[in-house]
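K.L.:
If you're matching them up, the sequences are chains A and B in order.
For the first sequence, the working numbering begins at 1 and goes up steadily by one.
For the second sequence, the working numbering begins at 411 and goes up steadily by one.
The set of hints was computed from the structure by calculation and includes no laboratory data.
Check before you lean on any hint, since a few could be wrong.
Unchecked claim - Straight-line Cα separation of at most 25 Å, DMTMM-like style, residue types lysine to aspartate or glutamate; simulated pairs:
hint, chain 1, residue 1, chain 2, residue 2
1, B, K495, A, D209
2, B, K740, A, D316
3, A, K330, B, D726
4, B, K495, A, D316
5, B, K495, A, E302
6, A, K330, A, D316
Claimed, not checked - Short derived list, chain A residues pointing at chain B, Cβ under 7 Å:
hint, residue
7, A290
8, A294
9, T354
Beta carbons: idealized from backbone N, C-alpha and C, even for Gly.
2 protein chains.
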Amino acid sequence: MLSLVDLRTRIAAGTLDPAGAIRLAEVAIAARDPGIGAIVSQNPAPAIAGSGPLAGIAVGVKDIIDTADLPTQMGSPIYAGWQPKADAAIVARLRALGAVPLVKTSTSPFASHDPTATVNPRDPGHTPGGSSAGSAAAVAAGMVPLALGTQTGGSVIRPAAFCGVAAIKPSFRLLPTVGVKTFSWALDTVGLFGAGIRDIAQGLSLIADRPALDLDAAPGAPRLGLCLQDFAEAPDPDALAALHRAARAAEAAGARLVDLVLPDPLPEAWAQHAVIQDYEARQALAWEYAHHRAQLSPELGEQLDAAQDLVAAQYDAARRAAHRARRALKDLFGAFDAILTLSAPGRAPAGLGTTGDARFNRLWTLMGVPCVTVPVPGDGLPLGVQVVARFGDDGRALAVARMIEHALAA
Amino acid sequence: MLSLVDLRTRIAAGTLDPAGAIRLAEVAIAARDPGIGAIVSQNPAPAIAGSGPLAGIAVGVKDIIDTADLPTQMGSPIYAGWQPKADAAIVARLRALGAVPLVKTSTSPFASHDPTATVNPRDPGHTPGGSSAGSAAAVAAGMVPLALGTQTGGSVIRPAAFCGVAAIKPSFRLLPTVGVKTFSWALDTVGLFGAGIRDIAQGLSLIADRPALDLDAAPGAPRLGLCLQDFAEAPDPDALAALHRAARAAEAAGARLVDLVLPDPLPEAWAQHAVIQDYEARQALAWEYAHHRAQLSPELGEQLDAAQDLVAAQYDAARRAAHRARRALKDLFGAFDAILTLSAPGRAPAGLGTTGDARFNRLWTLMGVPCVTVPVPGDGLPLGVQVVARFGDDGRALAVARMIEHALAA
């Protein structure tokens, strides 16, 4: 994989220049993408900044995020060839830092659950996950060192785990969603994919202009809550084994682990995620539903059909449940520095019929708390574990994730 | 003015049909707009639904809100002729109800503070206020019975007061902002203008699909906190006199009024509004700033220049201050059903050099609570008073506002 930290180090040392770093990405894309299908459009002659903290960093941008120089097609024939006027806020920020938004990456239609044609770079017989399929696959295949995704259920953490890359879904609205196609305004969160934890930490700290997010210091002896999310259906045995491996590695590195069963308002909120998501999606995609119902992908079309029956009272009750759960979770973080849990129910499913299940991601998206997925080394298709911290404590989530990443490599 | 309630009543009675009601708006626009300049584009041959709860209701849509059949030009030469792909969520909802988004209305550039060329229908030598200038003026001049605006500081309540119409800035995100150009995602709120309180209550209840918002019942003997917002500079004497007139009228109608001085976290939050607004605006308008700085309007350009120096720590501190204030305000509403305060510091200023001052609006926008402005009958340019209720209690704000409207008419 292309490492953001490594490229920046080489550029700072003068052994690589920004144009050369972009060329590395272009060569990798030409070599790898024909067999993967992660890229939906590419700037053939990008302007390359000679300086800036992210100069030389090629970025993959999920194709629901507006770009002024490339179409934004939402993974849907409804938006075929659609050219927005302006860059999304996050894209403008990347350019200001010197980065090159080089490619748009494949997305499930409107970041829904329906699959894309992208395959998993680790095994083309398997899904890369979704909805940020192309961003996860492009990083995993070494095409770009940084990619943007979005998560409404589990659309950043799950594909990252399936593809064996690091990713963060930051605290809600740490990264701006202006210019990002809305599915659910209470849930949609922009996230980052990179080769390792240090790469996403550097990327996030620069993009968010918060140097403290890229901590060099180890987190000491963090108190970690080991959480199985047993309100969701049980995970596959190998996902559970990977979680326990990560837990033992963290303990060996000095972390203190305690089993954590989430108390009642949290499972209740988890069960309400879909009500909030679908009630808002019905409004956010009202134009597409009214004018292009037949062109919507099958699962999204049915999801929106069903959402027409939701009423405001259900939505309000779901929001109150989420509010209660956020307060309960805040209290829990008095006893824990972070929660260690599953990133996905198992490895990437076979075939391209499904993008996998977001049931271990939804609660945290609804809570708005930072989530980092750490690849767990091993045979076969990748597995990941998820580190969750309190709202606004993205730096701690990254520091604990890096500790686990190191411990697993040892 | 065209009254939404009156038009719906006549259509239901069969004495007017939807096409006839739209024709009334078209005739009024042709007659009045040349002297006012509220309209920036108009659908010359709109599809008119024969049925639906808002059939026959012509709507003015602030020109930062996307429409699939009319350009959305943001009040800025940067977006001259720009045609979005889709309707904003709120526009799609209006169409689903049978309404006709007939015209786009003038807006300050990107809903900022710079003036438009629109004049006040009550006196062309005065501003109609901003940033939702055209929507307030179009309703005041009897061109449309319903118009959409947005408020980030005071951009709905203030122009409504200056133009002598009723308006509501609902609870934060009661109406969807999908497809509305962002200035500040924590603040931007879609609001409604109408001839009277009943008109905006019916409109809001239908658009939000919440029948309880359109209460027929009087609010009994509401406890009202009479609030001068004395942390802001003092209002003009005639604005203060209008507030006291409204208070006496409410008392005569059965309300119990108590002087309310807002305790400390609230003035502190008020003072932090600009930090949140400008830190987010810098991100939301990053593309425009990077590529079209010279085409930005003067005040907005300077505002964004200054915003470049804001740092994350200031933004975080401002958000914490707002969070503390929201909790304090929630507690206050244990003792009050609603707050009665100023809608603006005075009557519409002379000339078009300024859109007026939002200092009596900013706190409530930041708190996310529902605000309704009630015109106060009298000589000269209009004055309004503002009714504020707790978050989510938009129905109560409207009921109290209607009580005051009736009492003032008596």
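K.L.:
Does each hint hold? Answer for all of them.
P.N.:
Hints, one by one, checked against the model:
1. B:K495 <-> A:D209: violated (33 Å)
2. B:K740 <-> A:D316: The given pair, whose Cα atoms are some 17 Å apart, holds under the 25 Å limit.
3. A:K330 <-> B:D726: holds (17 Å)
4. B:K495 <-> A:D316: violated (31 Å)
5. B:K495 <-> A:E302: Given pair B:K495, A:E302 holds - Cα atoms ~23 Å apart, limit 25 Å.
6. A:K330 <-> A:D316: holds (21 Å)
7. A290: holds (6 Å)
8. A294: Check failed: Cβ of A:A294 comes no nearer than 16 Å to chain B, outside 7 Å.
9. T354: violated (27 Å)
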